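Asker: The residues making up each chain are set out below.
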Amino acid sequence: DQQVKQNSPSLSVQEGRISILNCDYTNSMFDYFLWYKKYPAEGPTFLISISSIKDKNEDGRFTVFLNKSAKHLSLHIVPSQPGDSAVYFCAASGETGGTSYGKLTFGQGTILTVHP
Amino acid sequence: EPEVTQTPSHQVTQMGQEVILRCVPISNHLYFYWYRQILGQKVEFLVSFYNNEISEKSEIFDDQFSVERPDGSNFTLKIRSTKLEDSAMYFCASSAFGLSNEKLFFGSGTQLSVL
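Protein chains in written order, with the working numbering: chain A, 1 to 116; chain B, 1 to 115.
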């Protein structure tokens, strides 16, 4: 199942710089996209989301961009902090065209390391 | 912030044995879910549950799996006869309304090891 793909297994950035995490999807029925962050021994924690009717959503240091024509979304973290080091998962829902009943399709995750 | 709690954090079992993974969803949430992540693989949807019924299930969720809400607070996943390939981290999640544009709250997971 490659409906949601995160092609970069890892990303390393310096503290204070921008982190850009990318995600591609293939299913045009997806209409809601989420980013989750996961620390070791913890469950995924919701970070930010975007509906398909928008192309940008911002929350503090986190911005998600959606390019529907390219079926691509990205998460920008500015400025990056060492505490941001975690696994970041892109997820999508809505493929059933309405009530998804909480069925999220996840990407493989990208390990972000922010160096002090 | 309210959270989803899961017990146990680790479960080791012998192949063929039954296991029950337990979850306490957020108290005012109505929709409950199980996901799993096999080591090195993606987080995968297993099942969603609402009003004491399964709403949707994946092809992974075969007859060996069942879910139950035995009381007003717990939500359980039972695997009747565990197989080696059931070894994974199992995450419980909940949401308030089950909408497609709604975030899910995940628990910390139960690491199941089948020997």
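Do not rely on the hints blindly, as some may be mistaken.
[Claimed, not checked] Derived list of chain B stretches under chain A, where covered just means 3 residues or more per stretch with a C-beta under 8 Å from a C-beta of chain A:
hint : stretch
1    : 43-54
2    : 104-110
[Said to hold, decoys possible] Straight-line C-alpha distance at most 30 Å; calculated DSSO-like pairs for lysine-lysine:
hint : chain 1 : residue 1 : chain 2 : residue 2
3    : A       : K5        : B       : K83
4    : A       : K68       : B       : K57
5    : A       : K71       : A       : K54
Derived from the structure by calculation, the hints contain no laboratory data. Everything numeric in this text was worked out from a predicted model, so none of it was measured. A virtual CB, placed ideally from N, CA and C, is assigned to each residue, including glycine.
Asker: Take the stretch 104-110 of chain B, compare each residue's beta carbon with every beta carbon of chain A, and decide whether three or more fall closer than 8 Å.
Answerer: holds (count 6)
Asker: Count the residues of the stretch 43-54 of chain B with a beta-carbon closer than 8 Å to any beta-carbon of chain A: does the count reach three?
Answerer: holds (count 5)
Asker: Is K5 of chain A close enough to K83 of chain B, meaning Cα to Cα at most 30 Å?
Answerer: Holds. K5 of chain A to K83 of chain B sits at ~28 Å (cutoff 30 Å).
Asker: Holds or violated: are the alpha carbons of K68 of chain A and K57 of chain B at most 30 Å from each other?
Answerer: Holds, at about 28 Å.
Asker: Can the restraint linking K71 of chain A and K54 of chain A be considered satisfied, given a maximum Cα separation of 30 Å?
Answerer: holds (13 Å)
Hint compliance for this structure: no hint is broken.
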